[in-house]
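**Q** Between the sequences and the hints, there should be enough to build the whole structure, so can you do that?
Number of protein chains: 2
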Amino acid sequence: MFENTNNSKTKLSELGEFGLIDHLTQHFKIKHTTSTLKSIGDDAAVLKHENEIVVTTDLLVEGVHFDLAYMPLKHLGYKAVMVNLSDVYAMNAQAKQITVSIACSNRFTVEALEELYAGISAACEVYNVDVVGGDTTSSVKGMQISITAIGEASKENITYRNGAKPNDLLVVSGDLGGAFLGLKILEREKEVFKVNPNAQPDLSEYTYLVQRQLKPEARKDIVELLAALDVKPTAMIDISDGLSSEMMHLCKNSKVGANLFEDKLPLDPKVISTCEEFKLDSTTVVLNGGEDYELLFTIDQNDFDKIKANPHLSVIGHMCDASDGIHLISQMNTKIPMKARGWSAIEDEE
Amino acid sequence: MFENTNNSKTKLSELGEFGLIDHLTQHFKIKHTTSTLKSIGDDAAVLKHENEIVVTTDLLVEGVHFDLAYMPLKHLGYKAVMVNLSDVYAMNAQAKQITVSIACSNRFTVEALEELYAGISAACEVYNVDVVGGDTTSSVKGMQISITAIGEASKENITYRNGAKPNDLLVVSGDLGGAFLGLKILEREKEVFKVNPNAQPDLSEYTYLVQRQLKPEARKDIVELLAALDVKPTAMIDISDGLSSEMMHLCKNSKVGANLFEDKLPLDPKVISTCEEFKLDSTTVVLNGGEDYELLFTIDQNDFDKIKANPHLSVIGHMCDASDGIHLISQMNTKIPMKARGWSAIEDEE
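As they're listed, the protein sequences go chains E and B. Residue 303 in UniProt numbering sits at position 303 of the first sequence, with consecutive numbering throughout. Residue 73 in UniProt numbering sits at position 73 of the second sequence, with consecutive numbering throughout.
What the hints contain is simulated information worked out from the structure, not anything from laboratory work. We put the beta carbon where it would ideally sit given N, CA and C, even for glycine. One should not assume that every hint holds.
[Stated by the list, open to error] Listed below are several chain E residues computed to face chain B (Cβ distance under 7 Å; list not exhaustive):
hint, residue
1, Gly-63
2, Ala-90
3, Ser-101
4, Gln-144
5, Ser-146
6, Asp-202
7, Leu-203
8, Thr-207
[Said to hold, decoys possible] Quick list of in silico lysine-lysine cross-link-like pairs, BS3-like style, CA-CA up to 27 Å:
hint, chain 1, residue 1, chain 2, residue 2
9, B, Lys-11, E, Lys-141
10, B, Lys-308, B, Lys-232
11, E, Lys-232, B, Lys-48
**A** Given below as structure tokens:
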């Protein structure tokens, strides 16, 4: 469906490993000249950070994490960076450097890797990050991308998963469920394409949802916003596996319970209408959908006034004692216990 | 040939992603309590280093970098760590932390990953390194291992590839060619095993060579030795792709030439005898073999007295003007130009 119309095909072997890295990263400029002392081109990068650093890594595998049938390589490069930066922002830190390792089979050409790196480069420009290390190698089958991201924050600003207290407010950025529905749309189009390869997909109606899936944005802006509002979250996590799963992590690590209000969940109108189209329950989609890369955090109630009018943030619940458990308060005002793997539709017997 | 005699088989899916990481890393203890502030268990690790840090990453792919037919998983885990630490030591830094990402297909069991992590853990114990982050995921085919290593060094001690000057001495640690011959031995045994699966290999004669291939040791001790001898190398690189290739990198980055003396190359007696057995030229093996993970460095001539009697170090040549080129001075005292991809057997016409 998203066919690669680039017809030039240079075999990877024509450049060799060292030539390839040089070629792919030749236009990358160092942005953080005080902390990136040495980038690609030696046995290791050399960095200097005055503050604490945060380090996170993710390995993305073709056929497991992405499908090149509907994921353009440029978007893949962009998204692979976002997935990692999102973890940095979830520590209330600012991302500074990444390393990128790629393994790919000989079905990929130099031009294909240029597309991938164009996406990586675009992400680094927008998010002000240096690519400081890299490795390209062959794979037996498919493509694997491993990115490690390094961020910086002062010790007092770093936010862990374990600091939430009973009565803290539970807050989420942006809106939820869009990335999952974008995937549903793309999978549906892939099936149409299999039946009729000449079909021209018209996804314009679903632009927002498809973009949430193919070109997610990590919430650098929220870390900056919280600093500007002088709000230090008590605990924070990014939403990669769905709201339900991440709430469970926050509660388990902080040893608290939580009440989540169904009528407070932030839904884009397109999420609501597409859920109706697919006959899906929007709350289930929001709780279990995943890949939204929004930030979920808790704040002291005294900070409520600082955030209450902000269009980027929604208060969706509050924390409570661990012994009170973790519940979804439905729109019908019934209290539904939430289970470790998603949302139980069975109502609480109390 | 190295059959896994462990018959218990727990499917990875029985533990799930989060359970698996917790399970595999539960016995890992933090060693660097002042620099590893938060290890596995949050969105990112949190580190604090007073000095400059070095960061390096490698992605190892089954079928490309390792063959599980003769590489036991425990050795693979150990070697995967060594490959990365070697790059840290090549910066004249000390390794402190690593992150480990593993993708593997469902042919691997929990017990198999426990073996792999036992090797990773053993390497971290011996080399005093903390595992601070991790990711385990599915792969469509085979296993991929991505490790990022972080080391620390003061700014004045960090050694790049680009500091070699004409007349500097070229020095190498340990001996060379063993890892390549170990691989030849293992490949020969694999062929024997294919023909007769009941054959019991007797590799005792080749213990040293097989160990160089299966359980290489990164040269942490050389970094410590150089510090103790008060020698700051002018340039340094680790030997992963063979002496010839690494010399080329040093010369290119430092904009110098070099003369390498064939009769100074450090060869273990077992390397010499096995080269004879395989009818291989030992100099070719040393120049192009790879995977020795020794350190190649240059020092000022004034430092010669500090290192000359050391059994771990061999002076194998000296640097010269770039215009003089890069040559091997053969045992017959002929000057043979070295080419970018290994050693040219054609004698210099001069």
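**Q** Against this structure, judge whether each hint is valid.
**A** Now for the hints, and whether the structure bears them out:
1. Nearest Cβ of chain B to the Cβ of E:Gly-63: about 4 Å, under the 7 Å cut. The hint holds.
2. At about 4 Å, the closest approach between the beta carbon of E:Ala-90 and any beta carbon in chain B falls short of 7 Å, and the interface hint on this residue holds.
3. With its C-beta approaching chain B no nearer than about 4 Å, E:Ser-101 sits inside the 7 Å limit, and its interface hint holds.
4. With a least beta-carbon distance of about 5 Å to chain B, the hint placing E:Gln-144 at the interface is held under the 7 Å criterion.
5. Given hint, E:Ser-146 at the interface with chain B, holds; its Cβ is 4 Å from that chain's nearest Cβ, closer than 7 Å.
6. Violation of the interface hint for E:Asp-202 is found here, the shortest Cβ-Cβ separation to chain B being roughly 31 Å, above the 7 Å cut-off.
7. Nearest Cβ of chain B to the Cβ of E:Leu-203: about 27 Å, over the 7 Å cut. The hint is violated.
8. The interface hint given for E:Thr-207 is broken, as the beta carbon of that residue sits about 29 Å from the closest beta carbon of chain B, more than 7 Å.
9. For the proposed pair B:Lys-11 and E:Lys-141, the alpha carbon gap of about 23 Å is at most 27 Å, so the pair holds.
10. Of the pairs offered as hints, the one joining B:Lys-308 and B:Lys-232 holds, with about 15 Å between alpha carbons and a cut-off of 27 Å not exceeded.
11. For a cut-off of 27 Å, the pair hint linking E:Lys-232 to B:Lys-48 stands: about 20 Å separates their Cα positions.
The structure fails to meet hints 6, 7, 8 from the earlier list, while all remaining hints are met.
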